[in-house]
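Next come the chains, spelled out residue by residue.
Protein chains: 2
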Amino acid sequence: MDYTNARIGVLGAGAIGAFYGVLLARAGADVHFLLRSDFVAAREQGLVIEHAEQGELTLNPAQVYQSAADMPPCDIVLVCNKTTNNAEMAPLINQVAAPSAAVVLLQNGYAVEDELRAQLPADRHLLAGLCFICVHRKAPARVCHQAYGGLNLAYHSGPAADGAALAKALSTRFKAAAIDSHVLPDVTTARWQKLVWNIPYNGLSVLLDASTGELMADADSRALIAQMMAEVMAGAAACGASLPADLVAKMLAATERMPDYFPSMYHDYAQQRPLELAAIYAAPLKAAIGNGVNMPQVQMLLNCLRFKTQAED
Amino acid sequence: MDYTNARIGVLGAGAIGAFYGVLLARAGADVHFLLRSDFVAAREQGLVIEHAEQGELTLNPAQVYQSAADMPPCDIVLVCNKTTNNAEMAPLINQVAAPSAAVVLLQNGYAVEDELRAQLPADRHLLAGLCFICVHRKAPARVCHQAYGGLNLAYHSGPAADGAALAKALSTRFKAAAIDSHVLPDVTTARWQKLVWNIPYNGLSVLLDASTGELMADADSRALIAQMMAEVMAGAAACGASLPADLVAKMLAATERMPDYFPSMYHDYAQQRPLELAAIYAAPLKAAIGNGVNMPQVQMLLNCLRFKTQAED
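Chains A and B, in that order, give the protein sequences.
Take the first sequence: its position 160, counted from the start at 1, is 160 in the working numbering, and no numbers get skipped.
Take the second sequence: its position 38, counted from the start at 1, is 38 in the working numbering, and no numbers get skipped.
Note that these hints are calculated values from the structure, not bench results.
There could be a bad hint or two in this list.
Because identical chains share one entry, a pair is satisfied inside a single copy or across any pair of copies.
[Unchecked claim] Listed next, the in silico DMTMM-like pairs over lysine to aspartate or glutamate satisfying Cα-Cα at most 25 Å (straight line):
id	residue 1	residue 2
1	K138	D123
2	K286	D218
3	K168	D114
4	K138	D75
5	K286	E256
6	K250	E44
7	K168	D220
8	K138	D180
9	K286	D220
10	K175	D246
11	K175	D162
12	K175	E88
13	K138	E53
14	K175	E56
15	K286	D123
16	K286	D162
17	K250	E56
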């Protein structure tokens, strides 16, 4: 596979979609964005990334659409919407993804590929995309990038005889746009690895109204995060993920080195958007329990977050 | 023992102390109150209970003091301050408690008797007082009573040959003032029984900014409370408490029948008073862990509460 001249579709250009799409487009790729609330702003002013190292990166004009039906068929489809909208995404993905296209889910959570697979034609490749990035949407069509920018890939399913080779070809395309990208051996391990970070920090930022910096500066919340990560590691192992034993220590240290950051769930809660509780909490809890491992603190966090969001309905 | 004509000292007349002290005084007992912030109001207007069934109960004049040195020696000392002040209470208790007095800790938490015992002369009886009551301080020297009013007793230590008989004599005195009062077989069981309620409701009311009614109306918080109670039951069993197996179901049902209630920790947090985290959380956690049982959700709640209070220092 060679994706050098691939046409790329970005579905849902929030912070993640805009960031990677703009980098790819500015590096010469033919990128098409499906937008909703940001469509007018993006058409009039383009898409803007306030990049932590590179300053303001603008893509103007950007090829933006309000309807998937108007988009050309794409060889790579980056699915960047929140998982809370996944139920309605399959028809849009199928409209945009050309035959044999690579569909990459740049989403948080667990089992999101399994849920989509059944609705995807057999000839489409499906991959997990794991973003390691601190980024948030600052205003319509304007994204603030704070740190990092990795996009790792794991082949989930599809017609490829060698899924890793296809993932490698995709990562080569991303690297050509100066996006750090590696191929991970399996989706289960890749998903759990990200959950080790997402499960404590996303939920606790909402429950305790705190940034990563505040959570790491306090001995009690830091200890809680370490305990909760240990629970997730146990759940991961029960589900067959092979995570390195020192992952928790490395993640804690990496988070301390990060700029002060409010995870995506914090922004979702502050802006009264639905939280990704099903993908980030309920799905991994179900998988771990199904394999005989309870994660009581993760369960407690989910219950508290559900209470907080239901109480405000 | 006969406590019919016993002189009673009440140390710390917040909601609990004022409630029981006023009932005892109105039933003819000689009751002396040691007050701090409420002293002036109590001296000028007396102590007032807005009783859920009996309307406004006033004790005016009330025998109130600002200094323990001014109080007469008492045969019964009801210790009603928050456990957060316990470090400074022992000298005051020793000043007020007559030789052979019964010192009753009407406090929440675990191991509070153990901590005081070392500082109490050997001839003083020490008892746990378990209040089952919905009551809060509404204004200086004014208490709002919402429901219940039980005061159960368990003999902890002292010179009594038959501790249960002494506790029985005390409960007889309380019953004569129309206070529902029973003798419980042992302090460990009595303390853990109350913790089964206090641990989930006190902390979650702060963490989720919610009353008991709100916590019970939501399926997720209700399920969390049941899980956390199960953890406390396991901790209790490991520490040698003998609690009935149906206690969780009974407590959930009883809480649903209660009027909507904000536990004491909610009021403490709202009024920026120190929370009783050491007595209600840290002490039972330490005891359970010492007996080989983890309570991960209880631990998480403690860590979250510590974060919330430290973050606001």
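Hints violated by the structure (numbers, ascending): Structure breaks hints 1, 4, 5, 6, 7, 10, 12, 15, 16 and 17.
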